[in-house]
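> Please work from the sequences and hints to get the whole structure.
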Amino acid sequence: MAGQPLHELCPAGSGAEAAALGFALAIAASWAGPPGVIWAGEEGVFAEDGAPYPPGLAQFGLAPERLIVVRAGKREEALWAAEQGLAARGAVVICALSARGRPLDLKATRRLLLFAEHNGARCLLLRPLAEASAAWTRWRVAPASSEAQARELGAPAFAIELLRNRAGPAGARFTLEWNVNARALCERVPEKHAPLLRQHAGLR
Amino acid sequence: MSTVWLAIFLPRLATDRLIRSGRAHEGKPLAVYAKEANAFVLKGLDARASALGLRLAMSLADARAIQPDLETAEAAPQEDARTLDMIAAWCERFTPVVAVDAPNGLFLDITGCAHLFGGDEALRAQVVARLEAQGFAVRAAMAPTPGAAWALSRYGKTVAASEDIVSSLAALPIEALRLDEGAALLLRRLGLKTIGQLIEAPRASFTARAGERAMRRLDQALGRAPEALTPRRPPPPVFALRRFLEPLFSVDTILEATKALCGDAAAQLDRRGAGARACALHLFGVDGRDRIVEIGVSRPERDVKALLRLFNEKLSRAAENLDAEFGIEAARLDVVRLERTDEAARTLVAEEAHAGADKIAALVDVLSARLGAQRVLRAKFTSTHAPERAGAWRAALSPADSDPLPGVSAQSDGVMRRPLTLFARPQPIEAIATVPDGPPIRFRWRRVLREVVRAEGPERISGDWVRASATRDYYRVEDRDGRRYWLYREGLYGEDDAPRWFVHGLFA
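Sequence lines, in order, name chains A and B. Its first residue numbered 1, the first sequence is counted upward by one per residue in the working numbering. Its first residue numbered 1, the second sequence is counted upward by one per residue in the working numbering.
Calculated directly from the structure, the hints in this document are not laboratory data. There's no promise every hint is true.
What the hints assert, rightly or not - Residues from chain B that face chain A, not an exhaustive set, calculated with beta carbons under 7 Å: (1) 422; (2) 426; (3) 505.
What the hints assert, rightly or not - Simulated coverage check for chain A against chain B, where a stretch passes if three residues somewhere in it have a Cβ under 8 Å from a Cβ of chain B: (4) 3 to 9; (5) 59 to 72.
Using N, Cα and C, we set each Cβ at its ideal position, and we do this for glycine too.
Structure below.
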C-alpha cells in the first residue's frame, strides 16, 4: 500500500465516518515526510462529521505545522485542490468527499490516480462506498471496540476489510490499532491473512 | 529622474456634472448657486453663462436680472466631490499617485510614467483631450512641484514650467500661490500683486500669519519647502504600467500583458533585493472602469512564472466577471506589499531544505488564489481552556500568530484527550446517567440510541468568564460498536436547571 499512489477508504455505514477519517489520518501520519499533509475536504463533510480539530490532530500524531486544510465549497474544488496537492510532490493528500451528491465517476478517480502516479505522490480518497474507481486498493473501515482495561478507551482501533486490491487478492479483514508513539498501525489479532497484510499494506 | 507633477483644474466641475447627467436643459445658460451669508450667490457657471457676463460670487437675484432665462440648480458639494473622486480613479490609469485637490482639482505624479504615452506633453494632452471628450472643461499644467503646476493650471499662459521655475511663475498673480482670500488681500494691500514681486520682497517683513503662509506656499511652489500630498491610494513601493495601442479583450492577451508587467516589477524587485507579498493588478477599461485583481503570496516572490501562475489562477476564473467587452486599454501592476528576501536562505545548502517548504508555499498561494484565502488553512493554537478557541484555523496566507502547543495537546503519553473533529456547534443529545455526576449510560444522537460501554472523565473545563458560559464536564465515551464521542454535560445536578448534554466532537 505504501508504494502505491491511490487508495480508497470507505466508512462501513453511517457512524463509521470518524473511524474512516482516523484510519486515513493514521496512514497519512505514518507516511508523512517533511512536506506534510494536504487535507482537502468538501464543506459538507466538515458540517456532517465535524471540522478538523488541531489539538486532537496533534495528539493523534499529525504535526500541525505540516498540515494544510482546504475547505472546498464544491466537490470539483476539493478534487482540484487534491490534484494541486499531488502536483506539489512529496505531500500526502487526503481528499474527503461528502456522501451527498452523485457518486464520483471513474474518470475523476482516474485523474487523481494519474496526478499521483505522475508526481510520485500518494493520495487517500475518503468517500462513501461506491462502484467505479481507479484506486489501487479499497478498504472498508469500521470502528473496533476497545480492548483496553475497563474504564479506559485505549488506542484508536479499526476493523478494516480489503475490498479491492489491484495488486493481489482481496477480502482480508484485520483489526488494527494506532500506536501514536511508534507512528504505526499494529495488528491486534493475528489472523490468517496477516502475512498478506504485511505484504500489501506495508504496515507493521 | 526629476519629479513631474501634473495639476488638473476642472473649472466648471459643478455645471459639467449636471450637464453630463442630463439634469440641465440644453441650450440654456446654467448656473449653480448656494446660500452664503443669507444670500444666494453663484458658485458655478457653464461656458454659456460666463459668456453672457455672469460671474462667480454674483448674487442669484442679480444674475436672474441680467439673464432671465438662466437655468439654475442648487450646489451639491458632495456630488461634486464624488465626481471628482471618480475622475481621480480614472486618472489612475496614468499613474498610481493621484491626489484629490478639493474642490475641483487633482494632482498626478507622472514621474516615470510619461514615456509610456510618448512624453510628458503627450500624456498631458491625452488627459485633457479625454476628459474634455467626457464633457469636462479642463486645464492641466506640469511642473516639478505641485504648487507650481497648480499655479500654471489656473493662471498660467503655458502648460509646462520651464527649467527655471521662478521665471515661469514670476508674472503670475499672487493668487496663483493657493492662498486664502484674506492672505491674498493682505499682500495686494502691501502692493505685492505678482509672485515675482513677492520673491523680491524682504522676507523679514512677513511676520503676520497670513504673510508666513504665503511665504510657505511660495517656497513649496519653488521646491524650497517640501509638500506632502495624500494620494487616493497609498503609492505602491513598486509598480509597472503598460498601455495598449489596441484594447485587449481576451483573457489570453490580458495574461500576456500581465506577464510583461510581472517582468517589469520583478526587475525592480530584483534591484531592491525584495520580493512581493501582495500584488494588485489594475485593468483599466475603455469604459472608464478599473478592475482590480489581487493576489497574496506566502513568501516574498519575484519569480515571474510564480506570480503569473497566481494571476492566471485568478484571471481564468474571473473571466466572466472581467466584463471586458469594451476592452482593456491600460494595466498597472502594483506591488502593494514587499519584503526583503533573505539571499542567504536562497543559496547553497539551505536550497535543498527549503525546496519542500517552497513547494508547499507555492501550493498555498495557488489554492488561495483560486478558492479564496479563507478556505486554505493552517492550524492555530491559542492558550485558553475553551476548546473551541484552543485550536482553530487561520488562513494559510496570513502571518503565523499561533501560540505554541498548549499543554493539553503537547502531552506525549499517547492518550488522545481531544477529538479529531469538532462540531461548529455542540449538538444536543438526550442522555441518561446513573450517577448524578457520572458519564451517561446511554444517549440518543441523530435519532440513534447509543449504549455507552466505556467512558473516561470527567475533565472539567471551567467556563470562560469573559463569555459567561457554564462549566462543562467532558467525557470521552465509546459505544457498543466502538464509536467514540466527546460528550459534555453543561451545568451540574442539583442546580435549578437540569444539566444538558452535548456531543462536541468525534474520536477515531
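> Going back to the hint list, which numbers does this structure go against?
Per hint list: 2, 4 violated.
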